[in-house]
Amino acid sequence: MSTQQPARPASAQATVRMGPPGGGRGGPMGPGGGMGMGGKAQSFGPSARRLLARLRPERTATLGVVVLVAVSVGLMSVGPRLLGHATDLVFRGFVGAMYPAGTPDSALPEAVQGQGVVPGQGVDFGAVGEWLLLVLGVYLVGSLFSWLAGFVLNGVVQRTIRTLRADVEEKLHRLPLSYVDRSARGEILSRVTNDIDNVSTTLQQTMSQLLQSLLMLLAVLAMMLWISPLLALVAFVSVPVSLALTRVIMKRSKTQFSAQWARTGELNAHVEEAFSGQALVKVFGRTKEVEQRFGELNDGLFDVSFRAQFISGLVMPTMMFVGNLNYVVVAVVGALRVSSGALTLGEVQAFVQYTRQFSQPLTTVASMANLLQSGVASAERVFELLDAQEQSAERTDETLPERDVTHGEVRFEHVRFSYEPDRELVRDLSLVARPGQTVAIVGPTGAGKTTLVNLVMRFYDLGSGRITLDGVDVAAVPRRDLRSRIGMVLQDTWLFEGTIRDNIAYGRPGATEEQVLEAARATFVDRFVHALPDGYDTVVTENGGSLSAGERQLVTIARAFLTDPALLILDEATSSVDTRTELLLQQAMTALRADRTSFVIAHRLSTIRDADLILVMEHGDIVEQGTHEELVAADGAYARLYRSQFEGAVTDGMTGAEGAAPVS
Amino acid sequence: MLVRLLREHLAPYRAWLAGVAVLQLVGVLAMLYQPSLNARIIDEGIVLGQTATIWRLGGVMLAVSVLQIVCSIGAAYLGARTAMALGRDLRRAQFARVQAFSAQELGRFGAPSLLTRTTNDVQQVQMLVVMGATIAITSPIMMVGGIVMALREDLGLGWILVVVVPALFASVGFVISRMVPSFRAMQVRIDKVNRVLREQISGIRVVRAFVREPREVERFEVANDALTDVAIRAGRWMATLFPLAMVVVNVSSVAVIWFGGLRVDAGETEIGALTAFLSYLMQILMSVMMATFLFMQIPRSAVCADRISEVLATESSVRPPAAPTVPDVSRRGHVDLEAVTFGYPGADEPVLHEVDLVGRPGQTVAVIGSTGAGKTTLLNLVPRLFDATGGVVRVGGVDVRDLDPEALWAELGLVPQQAYLFSGTVRSNLAHGKPDATEEEMWAALEVAQARDFVAALPEGLDAPVTQGGTDFSGGQRQRLAIARAVVRRPAVYLFDDSFSALDLATDARLRAALRPVTTDALVLVVAQRVSTIRDADVIVVLEHGRVVGRGTHDELVATCETYQEIVSSQRSAQEAA
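First to last, the sequence lines map onto chains A and B. Numbering follows this note's numbering, with no gaps: position 401 of the first sequence is 1575. Numbering follows this note's numbering, with no gaps: position 561 of the second sequence is 678.
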């Protein structure tokens, strides 16, 4: 026991140090920490750097966090050392009490020589108490700083994410419609929701740990270099080994992660489709097949996500193993140095303990890096969206006349337009819609009817030529000024999640209850609302919920009705409404259309027969124009269309069946 | 909810979880053994200058460490497998459940929400199990191990643990109890933010047309700020957790040296025991901190589990019968509605009110009426997309509620109002109607549906790709393909829900003419807006506000039914204007 005893204190003292997450003395390591992060980020590529760059508005706070963490890491690693000194005081007193006063140092056992033992003197609890109070103070201040750092960092991360989210949302409003049309809806959705969520989660989880671990690594490294550069070098070998191993694992897990995301996407698409078309799947008795396909995709996702999870779960054990290996090597080399007299025992002991301390943050950094990988991949997808080309800049060269003096004269002058560069859809189109006129546009699908109104709305930019409203080039005024004078009822009956009342009031914020009800009555919404569970307070979902197609259409008409616009555009607005309701609606519409210019697109010619001007479009060109009577008399394309609709089975005049059919 | 969901769905993986537990136990014990090996390497090796001992103990340490890594990897393997299998099972269970939903439940949840529940929400629960598999087992063992080892070093200082451990639990518990509501609120607000974004994307044209961008930005800002607020609040508590626990542990480590020092002085314990005690104290702290990660995930997962459970607990209002029967073969193509009433729960007025309808093979029965008159609802009662709240619907002479659903649907060919096509090819869409249809049957169906010409004109013909919803076809083409899909099936009952609305009258007429020879022994039940479409029907039922206000042939109704007359004149006035 007595041979063992002298050895214990020293080893125990070292053991104390290894506990808490701290490393070495404070030292000026703020900028070093920053560099460390930059260096790490590079291996993640530009997206990671860009993500970090988004912290720039929070520069001061971020710097503050780095300083706070540095101080707290410093204090927390000094703490154990001070505590160790208190242990030494106890040890000295304990050993001192074992020998009579006046025993020379050389007479003490070798292991306790030179440790300041004063023979005959017991434990000085006054001194120990003072030390312990100091330690307590250091710990408390260190914890306080660590808390402050966490507090500030939390704000930095959350505010950064909020800005990122807001940027993406505002970007949505500046994207050209062509971008949105081209991309799958679920794709954009996934970027603005899942990916941002993922970035937010990873940033929150990794930032503070990564910062603390990196600073700790540096602190420990400094301490090790200070004690023995050679041993530090030996210990440092574990860094590239760890990095290499982490990289090997991460490369594999990345492949699996990508596969996991791809499979998730496929599964999402299948589930979405199965849910949207659920009734059909059921009635056609395809439930089993759909479930089988789901099963395949689901199993596939299970496979890759299991693999991704498992492989990334290898990081921790592997790093721990490397740490242990490193420990043994350092211990052996250290022991050799001691026997050669190059190092003292205490130094090696301290060093060995630092090696332990070194591998812990290294493990943390490695697993954080693995986690960050998924966050950076998501950030990349978000940045892609943010980088997408925006719609052409707003111009304010001209101003539209005031709302109440807008006459609503619309002119197309030599308009050319194409959705895709190589397929021109509209070639040199000119037309005039005089104030108060109702202009109907008819023609087969793909003739460019909807395109025409999209151009008036400036959903797309012209190839060449110009469109004017009351003589003002619509491209020369801000889009919102233009659109605020136009009321539009679209083919797709989009309702947002909210009450029917809110959906009607959408186009006119601040509308009174009476105005909403009036619009609802004029557009026959009132008639079906009472069969709904909560009347006007019935909440409709994005996809309409319990409303029928025709009912949804009526709500959107009510919405446009309420805006009281100078120019009205109805794009297949009544296709799902029954003819009697439509007839009634038309009376309401006639009142609505009075004194305002209207564009009406419809495949039911009954809807448009009393239009002031009918444009017949084919392949992006206007092939005929005039009033109903004129066009019927002219016996051209319109007359053929007309007959086909109103003479039922008569098929004589149909040329090339599909081409001329007013299908839309 | 969370506990119940996990208990139920983890049951099949009990063996795997037991494996995880055993492996983690061995792994943690190996880990607990490491510090004493460390100490021995120093005490017996370095201090005594015994390189051979270092090698030997180093070897033991590496062996232990290999054991530990093997256990960790094994546990990671089983844990990942269990968690992902749970995710797979939950997705499958929800998917199957939704497949059984009637239109009513589907409308209540909404397809987007169901999608979120089936995929994203499952991920959160999965994550909890992944973390649980590592932490839930490791952390208590580490903790108990730490306590036992500490007490072994010095029982006399045990009272400090009696103070520290509860203090640690109390402080961590306090912070977590503060965090849980924030995390719950956060989940709700994340959903809100995502919903606003989803609406903005799907409604982008409307938003722009009505110049509502500023309102949308504002609406988003409100949601975004609300989320940020609660995230900051939760984050602050989270940031408090570690420093607070550190304070508790550090104060107690100072106490250990002070009181331990007194005991050393009194000769009651050794200095080595003090420091060992300290490192075990640290281990206890670590185990508590690890557990907090798990506790932080719990609220998020709990919210998701609630939403998953809600889907799984929702019974379809249309339930398959306990003792299913099959339609009477001698009454193939018979559809009878007797005093059928249907209303949404809580609505003022029922959608359908005591509707009677009789359809026999070879007949065409038409339903006409205004928007919202209940036509589609009526049609949907036949395939049991809804169940009538009163009266009886019979197909093949049997109450549909007693029929085997598969047998019922095998009788029907439905063409819905919105001609929805599935992504795939023209061929795969037709195969939805009849999986084993031959090429000739497909072309014949396309011929009847007046879709042969444009499909033949496609470069790939039957194998032409169809995107989801069929957006690359015009409305009229979509409708004709949807009709062909029903025709290829040659069902006993055709259900056309305003399926000719996008067709011009000539195509409509040709289609009906082509349909006639195909449907000689089938019943055609058709909902329409256009009188011309149904003029030749054997029976026309006129619906108004959910009630039958007229019944008969076109000529009879023109003579007797006022509502029908209005409908006719609303369409004729256009014609006469010509």
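What the hints contain is simulated information worked out from the structure, not anything from laboratory work. A quick note: this is a predicted structure, and the numbers were derived from the prediction, not measured. Hints should not be assumed to be uniformly reliable.
As the list claims (entries may be wrong) - Just so you have them, the derived chain B footprint on chain A, three or more residues with Cβ under 8 Å:
| id | stretch |
| --- | --- |
| 1 | 1295–1301 |
| 2 | 1424–1437 |
| 3 | 1649–1658 |
| 4 | 1686–1695 |
Said to hold, decoys possible - Below, a sample of chain B positions facing chain A; criterion: calculated Cβ distance under 10 Å:
| id | residue |
| --- | --- |
| 5 | Val120 |
| 6 | Val323 |
| 7 | Gln535 |
Just so it is clear, CB atoms sit at the ideal spot from N, CA and C, and this is done for glycine as well.
Do the hints match the structure? See the list:
Residues of the stretch 1295–1301 of chain A with a Cβ under 8 Å from some Cβ of chain B number 3, which satisfies the need for three, so the listed coverage holds. Look at the stretch 1424–1437 of chain A against chain B: 0 of its residues bring a Cβ nearer than 8 Å to a Cβ of that chain, fewer than three, so the hint is violated. Residues of the stretch 1649–1658 of chain A with a Cβ under 8 Å from some Cβ of chain B number 4, which satisfies the need for three, so the listed coverage holds. Figure legend: the stretch 1686–1695 of chain A, annotated as covered by chain B; annotation inconsistent (0 residues with Cβ-Cβ distances under 8 Å, at least 3 required).
Interface hint at B:Val120: violated, since its Cβ lies 23 Å from the closest Cβ of chain A, which is beyond the 10 Å cut-off. For B:Val323, the suggested interface contact is upheld, since its CB lies about 5 Å from the closest CB of chain A, less than 10 Å. A hinted interface residue such as B:Gln535 counts as satisfied when its beta carbon comes closer than 10 Å to some beta carbon of chain A; here the least separation is about 6 Å, so the hint holds.
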